[in-house]
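Chains as they are written, first to last, in numbering that gives the first Met the number 0: chain A, 0 to 137; chain B, 0 to 137.
Check before you lean on any hint, since a few could be wrong.
Put simply, identical chains are the same to the list, so a pair is met inside one copy or across any two.
As the list claims (entries may be wrong) - Restricting the straight-line Cα-Cα distance to at most 27 Å, the calculated cross-link-like pairs of lysine-lysine (DSSO-like) are:
no., residue 1, residue 2
1, K65, K44
2, K65, K2
3, K2, K44
4, K2, K49
5, K49, K105
6, K21, K65
7, K21, K32
8, K48, K79
9, K48, K2
10, K65, K27
11, K49, K84
12, K2, K46
13, K32, K44
14, K46, K65
15, K32, K49
16, K21, K49
17, K65, K32
18, K85, K32
Quick caveat, the hints were computed from the structure, so don't treat them as lab data.
Owing to the predicted nature of the structure, the values given are computational and were not obtained by experimental measurement.
There are 2 protein chains.
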Amino acid sequence: MKKEITVLTYGTFDMFHIGHLKLLQRLKELGTKLVVAVSTDEFNKIKGKKTLIPFAQRALIVENIKCVDMVIAEDNWEQKIDDIKKYNIDIFSMGDDWEGKFDFLKEYCDVVYLPRTDNISTTQLKQELNSFLDIYEK
Amino acid sequence: MKKEITVLTYGTFDMFHIGHLKLLQRLKELGTKLVVAVSTDEFNKIKGKKTLIPFAQRALIVENIKCVDMVIAEDNWEQKIDDIKKYNIDIFSMGDDWEGKFDFLKEYCDVVYLPRTDNISTTQLKQELNSFLDIYEK
């Protein structure tokens with residue numbers, strides 16, 4: 000019987016777009032089960048991060064993506080080690096814009112930084128939305 | 000053995016949001032299999048409709064929603080009867096903003112107009128995005 004390999008990632012997933020989908024699919028390919036921690040509105044506030052879409056909606060959309068097996072809430076900086084133990088995580092994975100930042104988790108599980116292959120980010124989407132809305136409202 | 004009941008709907012699904020997800024889930028509950036026809040960019044152009052997200056991305060996101068079984072392209076006004084026959088559709092369903100508009104399909108399958116229960120529309124989302132971006136860029 001094939002061993003289950005559980006992957007964990009963290010993110011905000013505001014205004015769900017193709018970059019999010021492709022990232023989740025690549026994360027799932029690292030293992031057999033994907034757990035996604037979605038940051039709460041309260042935690043984003045602490046980080047000075049604004050989202051358009053509230054937590055409950057962001058979490059529900061991620062939870063309904065085919066390659067996602069479970070969604071949990073991220074509400075503080077300190078929870079990662081507990082999450083890794085609680086959900087029997089084999090691989091902790093983030094985009095390589097976080098390269099090196101989570102090496103302290105290597106004593107608990109594998110840590111993989113995924114190269115960003117596509118050029119889609121929420122920041123870019125916001126810029127595109129802005130010019131789109133300019134046109135849309137004329 | 001339970002008979003498969005296949006549901007068909009049509010839509011654009013620009014900037015995928017919680018209203019889209021909940022509509023798809025309610026459509027799926029009408030039957031056992033959900034086929035979603037996503038309008039192409041060319042067809043939207045004919046209809047005078049602009050989207051932010053190109054067809055390939057809109058289709059891929061809808062296809063990756065758990066309750067969706069199949070995505071096809073909508074590229075003309077005339078394809079509905081052919082689609083109903085080709086995909087063995089039992090129920091054609093749209094939001095009740097289309098009430099009465101598709102009654103001509105009743106000789107081919109059941110036609111169900113779903114009441115809009117939530118107040119989320121892409122138009123509203125665009126308005127919200129606009130005020131969000133105003134704040135975001137200050």
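Original post:
Are the CA atoms of K48 and K79 at most 27 Å apart within a copy, between copies, both, or neither?
Top reply: Close inside one copy (19 Å), not across copies (44 Å); limit 27 Å.
**OP:** Classify it for me, K65 with K44: is the Cα-Cα distance of at most 27 Å met within a copy, between copies, both or neither?
**Re:** Neither, since 29 Å and 30 Å both go past 27 Å.
Original post:
From the Cα coordinates, with 27 Å as the cut-off, is the pair K65 and K2 best called within, between, both, or neither?
Top reply: both (21 Å within a copy, 24 Å between copies)
**OP:** At 27 Å max between alpha carbons, let me know whether K46 reaches K65 within a copy, between copies, both or neither.
**Re:** Answer is neither; intra-copy 29 Å and inter-copy 31 Å both fail.
**OP:** Could you figure out if K85 and K32 sit no more than 27 Å apart (CA to CA) within one copy, between two copies, both or neither?
**Re:** Within one copy, since 14 Å is at most 27 Å while 35 Å is not.
Original post:
Is it within, between, both or neither when you check K32 against K44 at 27 Å Cα-Cα?
Top reply: Cα proximity of K32 and K44: none, with 30 Å in one copy and 40 Å across.
Original post:
Under a CA distance limit of 27 Å, which applies to K32 and K49: within one copy, between copies, both, or neither?
Top reply: Answer is neither: 29 Å inside a copy and 37 Å across each miss the 27 Å cutoff.
**OP:** Please work out whether the CA atoms of K49 and K105 approach to 27 Å or closer within one copy, between two copies, in both situations, or in neither?
**Re:** neither (30 Å within a copy, 47 Å between copies)
Original post:
Checking K21 and K65: alpha-carbon separation at most 27 Å within a copy, between copies, both or neither?
Top reply: both (12 Å within a copy, 15 Å between copies)
Original post:
How would you classify K21 and K49 at a CA-CA limit of 27 Å: within, between, both, or neither?
Top reply: both (23 Å within a copy, 24 Å between copies)
**OP:** Could you place K2 and K44 in one of the four classes (within, between, both, neither) given a Cα distance threshold of 27 Å?
**Re:** neither (39 Å within a copy, 49 Å between copies)
**OP:** Pop the pair K2 and K46 into one bin, within, between, both or neither, using alpha-carbon distances up to 27 Å.
**Re:** neither (37 Å within a copy, 51 Å between copies)
Hints 1, 3, 4, 5, 9, 11, 12, 13, 14, 15, counting from the list given before, are not met by this structure.
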